[in-house]
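Let the hints inform the model, and build the full structure from the sequences given.
So the chains spell out like this:
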Amino acid sequence: MMEMINGLMNTMLSNQVSIPLIEPMLDMLQGIPMMGYMIALVLWKPFFAIVICPGLTVGGVSLLFFPWIERKLCARIQWRVGPHEIVWWLGGVIQILADTLRFLFQEVIVHKDAHKRYFLQFPFLTFIAFLLPLLFIPAGNIVAIKTPYGLQIVLLLLCLFPLFVMGLGWASNSRFAYIGTVREAFVYFAEEVPFIIAALAMIILYKTSDLTLMASEQCIPGIILNPIAALTFFIAAAMATSRMPFEIAESDQELCAGPHVEYSGIAFGLIYVLCYEKGYIISGLMTVLFLGGGAGPAIPYLGDLSGAFWFILKTYFVMTTLFVLRTIYPRYRLDQGLKIGWSPMLIMALIALAVSLVEVAVI
Amino acid sequence: MKMAAETKVGEAEWEVKIPEKKLKDRLFFENLKAMVIDTQLCSRCLTCVSICPGGLLVNEEDVVDFPDFEDKCLDCGACVRVCPRYDYKPKSGLGDYIEFTAGQSKRFKGQDGAMGTEFIFSAMDMGLIDRGIFVDRDEQWRTSVFHVRGKEQLEKLPLGGTKYVFADILPELKKAVTFTKKGVGVVGTPCMVSGVRKLQEEFPIFKEKVKLVVGLFCTENYHYAEVSKYLIGKGVDFSKLIKTDIIKGKFVATMTDKEVKFKVAKLDDILPSGCSRCTDFTAVESDVSVGSVGSAAGFSTTVVRTETGKEVWDYIKKMGNAEVGEGKVEELDFLINHKKEREKNIQL
Amino acid sequence: MSGMKKVVAPEYNLSDKIKTHAYAIGTAMEESVYPHTATVLYPREKKKMPDNFRGYILFDPDKCISCFNCSFVCPANAIRMKEAPNNRYYPTIDYGKCIFCHFCIDSCSGGALRTTKIHDVAYKDVDEMFTSTEEMIEPPEIIREDKKSVEYVIDETDLHLKRKKERDGLFVEAVPPVEIPMVSQCVDRGSCLACKICERVCESGAASSVVEEATMTVKMAIDAEKCTGCGLCVKECSMQILRLVRVRK
Amino acid sequence: MEEEEKDRNIRNVHSGILSPLRRWGTKWSLWPCHFLTSCCGVELAHAGACGFDMERLGTLNMGISRQTNFIIVEGTITRKMARALRIVWEQMPEPRFVNVIGACGQRGGIFWNSYNVTYPWKIVPVDFFIPGCPITPEGLIRGVRAIQEKIDGKDITTIKFKKVELPSGGELEERMVPTTPKLLAPTPEVKIDVKKSVDWAFGNELKGRLKRELEGLYESITITDTNRIAIRATQEKFMDVAQRLSDIMKMDHVKNVNVIDVPHERKYIVEYMVSSYSVDELMPVITTVFTEIRREAEPEFPSLTSLWESANYSEREMHDFFGVRFEGNEGMKGKFLLAPDTPETPLRKDFKIEEERYVIEEGVPLTPPIDPPQYIPHPSSVSEEEYLKMPAYEDVVEEAEKNDEFVAFIGPHHAGSGHLRWVMRMKGDVIVDVIPDPGYVHRGIEKLAENRLYIQNIPLAERPNITDCINMNLGYVRAIEDALGTEVPERAKYMRTIMAELSRIGAFFYDMGIFPLFMGHSSGFMYSFAIREMVLELIVRMTGSRCTPSFIIPGGIRRDIPDDVLDLTRNFTTAINKRLKKFENIFVNNPVLISRMKDVGVLTREEAIKFGIVGPFLRASGVEYDVRKVAPYEVYDKLDWEATTGDAGDCLGRIFGRLEEIKQSVRIVKQAVDAVREMPRGNVISEEILGDYKEASGDIKGYLYNVYGNLVLPKGEWTSVTESARGTVLYSIISDGESNVPYRVRVITPCWMNLRGIIEASKGGRVADFWTVYASFGYFPPEADR
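Going line by line, the protein sequences match chains Z, H, U and D.
Each residue of the first sequence is one higher than the one before, counting from 16 in this note's numbering.
Each residue of the second sequence is one higher than the one before, counting from 356 in this note's numbering.
Each residue of the third sequence is one higher than the one before, counting from 66 in this note's numbering.
Each residue of the fourth sequence is one higher than the one before, counting from 550 in this note's numbering.
Accuracy of the hints is not assured; some may be wrong.
One side of the interface only, derived from the structure: several residues of chain H facing chain D at Cβ under 7 Å [unchecked claim]:
1) Phe501
2) Arg504
3) Gly505
Simulated pairs of lysine to any residue, SDA-like, Cα-Cα distance not exceeding 20 Å [to be verified]:
4) D:Lys745 x H:Lys530
5) U:Lys71 x D:Ser827
6) H:Lys536 x U:Lys147
7) H:Lys536 x U:Asn151
The set of hints was computed from the structure by calculation and includes no laboratory data.
No experiment lies behind these values; they were computed from the predicted model shown.
Idealized CB from N, CA, C, for every residue including glycine.
In structure tokens form, the structure reads like this:
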């Protein structure tokens, strides 16, 4: 028994997150019995990645705060103030918490025509399934599962998104949800091909598909090496997350949020944060692929967290850009969206692929 | 919009003469009720209803009434002042006239010569008046009073005139007087004509505004509810009715498919009390009297009595609005005498 | 036809597209750095309303001549008159109907009605919205959370929000209407019924009548000194023989 | 029932161990499902836009009932809409709150005696009522605050009145209560071809020509006013007259279809107002063709849709109103504007609506008791399915299924439907057909107008379209002035022009605010509403009211506008440029938008004329018709400006055309303000109309009723055509010459005419294009439904 624990401890201790800033505190805590195991566990990189960064904690906090950042920034661009009155001296920073609580305590209506079980299960399933790619995305050098096939697995998991959304729409059994779901399916195909090709271009460029390696080996960020791939990836990301010019499936004014039209209460609450979750993951991926992941001036006190810090910062930047698009663009029509996906973006993706090949050949 | 000349302040007192009350210490309406309504003298000409300032004196189904008069009566005496039968001086005979003739309107079609309508419209064409008051009658003989201001108004509307059924003409005349700019012409039964004359006597505004009074030859009028019941009982189908008339003491109702005839005397069962005390057949106080008796079929007998009537009649002749026929005075005698006999019913 | 201008929508080629994309993105970026915020932080602060703002209506019984004009002119029939203990009719307002057109204020020749800047009120119950005369006399209290006032200032370049530390007052001095004295006068005395409706409808006691039983005459009079020119008798006169006329100075 | 449900919501928030969290969350996250039924929706938009920004309080507008918890009932709930309100409320998860804003939702407001209005508080439990017509954004936010306080446990009315004893004493004698000020002519004469001698040379020529062309068909041809000519025909020859007018005279569109009920003469007058866009000199002329038909329960009349398609919807409307069957119009089966349980043929004169009361009487309720519509019965009496069922258009669905099509029911409560129901048949992503179901905001102003004084109709005339209030007001007042022949003082004319153009700018930015929303572009909405906020600021300073000034009165304007406001207006004409530029950058010139609009919803010149499109949308299709140019009124002919046309006829053309129009409006305002500042202050009301009250010529204060209360129009039909922001607004007042209330008022609003255009332009397009087309026409449902 002890051996097993010791063996585990050794595994964990060999792969610890080092944070100089809190080391004195940790030392103090070591004195408390059993606390050593706890600390070892928490600071064990895979665990740290899942639970703290970039996983649940940072992800959760992002979900709670990012909408606020988005809403404030959009408000600023739109000549207004945004969430403000709630804790007004902080500018309404906990607005999303209030929204979440409200959704949490609100009645969940399952309407008569819905497939009751799927209708209720899908939001939760979707929410959890959407978290999976986080296991593979490295924040600096912190990553839950380090595998040479990281990118492929993330792309694979990302491909699941639309399936779940379609599930939501199907379970809703409503006219608008139906149209929205069909649109989602169409857009999914149009967006996924250039998206994967753009990612492929980066695999070729970096000659690896291990996300940690891809991030760490970018001495020059991917966006400079292959801007076309970056642009394609970014636009495809906007499409994948249903961001503004491509918010085709969920268009509020046309389809009343499409697949989500019938959801209420916490079920909708989950769906509402889904798009931010999606945004977070895809932005994280974009950071890793094109912005050098956790690369940045090392902050000595943060140790390993330094990389994570830069990663989060860049992710937020990408996310903000992605989300602020809604203040700039109206949405495309379905056929236009598809056309963009299947022609210019596909061409761009192929060009990006060629650029990568050329660069690899030249270098 | 009201353009009024500036006036000096202080000249704002005036006196109004009110009549003697026959029953002292009672309201004027009670006087009226006691002297006219309860004595069955009331012919339901509605002069009192038209003048009542509160508009509270009303025309109930078959009798003039003032519900709640103890509380609401203003006791101004207007009803008594204008009632032609409060001091009833029965008039009968043919009365004075300037011209006894007959006419047939070329412009209008009605029963007989439609001369009543013609007189009003000719007066309107002359610019004497700007509206006439007619009685409109629907298929069921229900009446409604109608202000006519132009010829086009008659297009979809056959104005039959008052035909044996009471109509609330005089209250409408009062309204017309407040609205009119030039003057009003009115067609009415002899009792209404008397009422109008009484109004004109008492109030200058009526004198000024009511320019032409066309009287109709009238034997009697009936209450709508009763007469319709009676006629239906006799087999008259109102939807097919073309024309009704009294010919030689017989009531004739012509329908599209048949005719119903019966003695006028039979109608006495439903004869209103006021009419049974009325002796005036030819509306002797009117400007012009018009009726079917006394002229050829298709013509209206026309009795022009006053200068105004004469003017309009001349205009009609001048413009050729009507075919001039021949009136036979003697044909009226039967009905004039028939009505004169009713004098015996009057117990003052 | 002259004076017509043909508008041709732009054709965008690729460079135009890139340019317009850049403009759009540029505008957003510019605004995110230097925003032209135009928000009034109500209820924290309140926008300053002009003095002629049409809000809740206050009433001064001393100036009221009970002419019913406010009630007659009210397009929504929100104003109805109620008899007060002193036997005069005063207006009441149902704010559940009031459309704030202020035709009533513009019809009040005595200047008894006046406006306030109150307009932000929430009622719990629809029946509470009926406001009786008693409640219209004193300025009401409303819940105010504002500490500052904001004024929209439009200069030649842009709209600016001018914030002031002090709160904007809700009540403005009433502007009395110009005086146009009118009196009621009988124009056709012969047609008078002596029905005394003018006396009964007159709130100022100007119209009067005395019945002399002896001679069976009624003495009618309209006292020009007392007459407020409200026009009720003119309207009600059953023979329509009264007119409002200008008082000669 | 209601009390219980109201309590339940609050109990809901307060129950459980976690109730503090629950309360706090609910308090700061009241998402309104904006029930944007009518005018107050405009102010809701302002409260949500950057001027007031409701989002500050965590109140984020969202159109989807399931995901929101707060209904803001904006204004009138008609009988047709009532059921939708209930459905939305039932769809909403608990705890849910309801605020009713605007007088219409409280005691009916200005529509209190309308046949089609009902009270929302009889349909759903209501938490707070906010007075106003429309409310101000501040009031709306106050309502949100009140709900927040209520969740915290303080459920109070936010105003406290102090009661003051009224003076007592004086001799106690019985006063007579005055009767109604309405003066109704007994059995009025209704004549629409009253001859008027006017100085109109072309009129006599036209009359001669018409006489030649219509030889033997007409009964009379009368010149009733400048640019107005009336042709009387018999019912039998009516079709022939219409045929000739259409074929020979090239009169290509119908401006108005009207039926006038004259019960005492047992007739209906059926009139068609036709005009021509193809012949230049006929453009300003409105030719009225009318006939009289016998008044029966359901009289028949040949429909003229075969000649003039533009008459189609108006004929259907007349069928609703009077029961006149237009044979040949396929829409005669059911009701079009009215709800199934609205009283039958409400505009017939024998349908009486509640009369006004002027004194408070004991035992008489403040408002007429309106029962909630029958289709909201007590839930126990019907099954749940019956209870919440909207008309399902089963035949359409059946037919669509046969053709492998999909049917979507959009509205009346839909984030992008604008309170009108659309039944959209689509094949794949292509629209096959759109069936409109309007009337959800039909408040019956035509009926109300014939029961109110002329002056009282001014606020009523504005209500259909408060985004363009001044032009609506102006149109109505111009009809009165035409009738009275009043000459308006020069200064007032300039003021009216300034205000009308400001209003046009405002309406444009309203449409340009809603358009981006339909496109999912919130910045465009915010930017244009910021500019609109500036316009409203000017209007509020001029008139005292943001949206419903009722400022233009016959003969002038209510009061002179102070100089400082004029200065502000002058500044506005230059200040607008900066923000307009940004708006253009981010929205109008946005390539995404351009690609959405280009060649979408094309209406060719012929189609536009055929379907009776009006205003800037007609001009965008290449017809050079602008009332301000064709038949100038006020001071438009004295100022230097250009009307806009285009020839693309697509959404892009419509938007760019209007954008140019706004620049022209700014140009007009600039010139007019400069001109006014040169003028002496003072006289702004015609002295002729003031009569004895000449001193009030600078400010009507105190004498509005005295001067206008007994306004009586001369006999006849008085038609005014005014160019409002969205097109030609036509007021036709029929007066009997004696009453101080109109006999009939007909209002044709541009949106009503453009409705057909939206349908036709969107057919064959993509589903998403429907909203582009819809928004490009600036459709405002209250305006269309009236």
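Evaluation of the provided hints:
For Phe501 (chain H), the interface hint holds, since its Cβ comes within 7 Å of a Cβ in chain D; the closest pair sits about 5 Å apart. Interface restraint check: Arg504 (chain H) against chain D, minimum CB-CB distance 4 Å, threshold 7 Å, status holds. Contact between Gly505 (chain H) and chain D, as hinted, is supported at the beta carbon level, the nearest pair being about 6 Å apart and thus within 7 Å. Annotation: proposed proximity of Lys745 (chain D) to Lys530 (chain H) is violated, straight-line Cα distance about 27 Å (limit 20 Å).
The straight-line distance between the Cα atoms of Lys71 (chain U) and Ser827 (chain D) is roughly 18 Å, inside the 20 Å bound, and the hint therefore holds. Simply put, Lys536 (chain H) and Lys147 (chain U) have alpha-carbon atoms about 37 Å apart, too far for the 20 Å limit, and the pair is violated. Taken as a hint, the Lys536 (chain H) and Asn151 (chain U) pair is broken in the structure, with Cα atoms around 41 Å apart against an allowance of 20 Å.
In summary, the structure is inconsistent with hints 4, 6, 7 from the numbered list given earlier, while agreeing with the others.
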